[in-house]
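K.L.:
Using the sequences and the hints given, assemble the complete structure.
Protein chains in written order, with numbering that gives the first Met the number 0: chain A, 0 to 243; chain B, 0 to 60; chain C, 0 to 145.
Hints are all accurate, no fakes.
20 Å max Cα-Cα, derived SDA-like pairs, lysine to any residue:
#	chain 1	residue 1	chain 2	residue 2
1	B	K36	A	R8
2	B	K37	A	L10
3	C	K125	B	G2
4	C	K125	B	V3
5	B	K36	A	A231
6	C	K117	C	G69
7	C	K125	A	Q183
8	C	K125	A	L36
9	C	K125	A	W200
10	A	K14	A	G214
11	C	K117	A	W120
12	C	K125	A	L199
13	C	K125	C	S99
14	B	K36	A	L10
15	C	K117	C	A46
16	C	K45	A	W177
17	C	K117	B	G2
18	B	K37	A	A11
19	B	K37	A	P15
20	A	K14	B	S33
21	A	K14	B	A34
22	C	K1	A	V78
23	C	K125	C	A96
24	C	K3	A	I159
25	C	K125	A	R190
26	A	K14	B	L28
27	C	K45	C	A27
28	C	K64	B	G2
29	B	K36	A	I12
30	C	K3	A	V78
31	C	K1	A	R155
32	B	K36	A	P18
33	A	K14	B	K36
34	C	K1	A	R80
What the hints contain is simulated information worked out from the structure, not anything from laboratory work.
Residue strings, one per chain:
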Amino acid sequence: MHAYANPTRFLAIAKPLTPWLLGVGLLLLLVGGWAGLMLVPGEAKQGETARILYVHVPSAWLGMGGWTSLAIAGLVQLVWRHPLAGIAARAIAVPGMMFTALCLATGSIWGRPTWGTWWEWDGRMTSMLVLLFLYAGFIALTNGDEGQKQGGTLSRGAAIYALVGAINIPIINRSVVWWNSLHQGPSITLRGSSIDGALLWPLGLTVLGFSLLFGAIVLMRMRRIIADNRVAARLRRLADDEGN
Amino acid sequence: MTGVISGSGQWAYVAAAYGLTALLTGIVLWTSWSAMKKAERRSDALRANNRRGETPRGDRK
Amino acid sequence: MKAKHQRLILALLALGGVAGAGVLGASALRDEAAYFRTPEEIEAGKAVVGEPMRLGGMVAANSIKRQSDGITIVFVATDGKASIPVQFTGIVPDLFAENSGMVADGRMRADGTFVADKILAKHDEKYMPPQMEGMDKAVAKAAAKT
Numbered sequence: 000m001h002a003y004a005n006p007t008r009f010l011a012i013a014k015p016l017t018p019w020l021l022g023v024g025l026l027l028l029l030v031g032g033w034a035g036l037m038l039v040p041g042e043a044k045q046g047e048t049a050r051i052l053y054v055h056v057p058s059a060w061l062g063m064g065g066w067t068s069l070a071i072a073g074l075v076q077l078v079w080r081h082p083l084a085g086i087a088a089r090a091i092a093v094p095g096m097m098f099t100a101l102c103l104a105t106g107s108i109w110g111r112p113t114w115g116t117w118w119e120w121d122g123r124m125t126s127m128l129v130l131l132f133l134y135a136g137f138i139a140l141t142n143g144d145e146g147q148k149q150g151g152t153l154s155r156g157a158a159i160y161a162l163v164g165a166i167n168i169p170i171i172n173r174s175v176v177w178w179n180s181l182h183q184g185p186s187i188t189l190r191g192s193s194i195d196g197a198l199l200w201p202l203g204l205t206v207l208g209f210s211l212l213f214g215a216i217v218l219m220r221m222r223r224i225i226a227d228n229r230v231a232a233r234l235r236r237l238a239d240d241e242g243n
Numbered sequence: 000m001t002g003v004i005s006g007s008g009q010w011a012y013v014a015a016a017y018g019l020t021a022l023l024t025g026i027v028l029w030t031s032w033s034a035m036k037k038a039e040r041r042s043d044a045l046r047a048n049n050r051r052g053e054t055p056r057g058d059r060k
Numbered sequence: 000m001k002a003k004h005q006r007l008i009l010a011l012l013a014l015g016g017v018a019g020a021g022v023l024g025a026s027a028l029r030d031e032a033a034y035f036r037t038p039e040e041i042e043a044g045k046a047v048v049g050e051p052m053r054l055g056g057m058v059a060a061n062s063i064k065r066q067s068d069g070i071t072i073v074f075v076a077t078d079g080k081a082s083i084p085v086q087f088t089g090i091v092p093d094l095f096a097e098n099s100g101m102v103a104d105g106r107m108r109a110d111g112t113f114v115a116d117k118i119l120a121k122h123d124e125k126y127m128p129p130q131m132e133g134m135d136k137a138v139a140k141a142a143a144k145t
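P.N.:
See below:
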């Protein structure tokens, strides 16, 4: 029953944490979204369309951060056989894919008035689209019945897939530096930000808000998988007992 | 060719981006929440059944 | 404990291999994955006359000239090291302007002019509130000089 011990301890933390992450995240997004839409001025050249930044950047961060955590969870599952890690990886996939899709969509909506095109096959956009397909493949490998077949956690194949897919993350990050691209270079680097402070602060709120929301979604999906696994285990035991 | 994006048409792009974000986030949030509630209710109900001693070996938690 | 370490080493080795392959692949793709050619690359002979290609660069200061037909423009695209004259007939994006980045789809003509059939504006990574626009231009000019 050692597989039960960890999820039980995890649930003791996850259950009270879920509404907090959800509540604080939504509150930050409300304030950040309002500030981004109403309080700050438009940008000098891009005008009002620059406001798309406040939803585009958090989506990019969570789409890429999502796969990074998914790959780390895959590694922990693969090496230490920690069942919670496999459950976390499965729980991350759907919100990670959603934010990747949002990143592509909001970027496209920004690109039309700014660049003059909805889509171009430059390094940044292409590698981000690859990430979307990676998520889709991972979900196909691990969702629903497939997940239960693997004892509710992550198969070795899916964990390896997660690790191999992680190579795309530094490629996305460096794409605008390695290859000349239509997408601009990084605005926020270790050396500082080329987004003026007057326009930057709502971004902090929305990045944090979406991150907390992402955490809440992952916790909800982990709780759902754990509950499903418990039901499956109990039904198996009932069937065994009747067989005796 | 002014070097600056101007005019009221830009707000349509902003609204589309924010609207899509709110919609997709809302859908994923709602489906995750309701699936969790459903699964946890099912699990709790099954455990309560077990406690009533319907299985000979009982709950060996 | 031993099996665990074995798995860890194996996973890290595999990860290192994949990362190495990725970096090798990425650097091999350096040319192919480039979204556009710079004026410097074109001057170095990387463009074939008449072949479809993409040119990216800054629009040189005071270089945009409107032709007598009213819809054809001629300007100079530069990357600070080389300059290519560009001719385009059509509508350019709002953000297309002198001292600003652009990417053009088209082909080189034998006389050394790039004939574009599509022009996109490239935005830089700077985000400034309107009242600081003047400063932004000063920064851009300073950056163009270096």
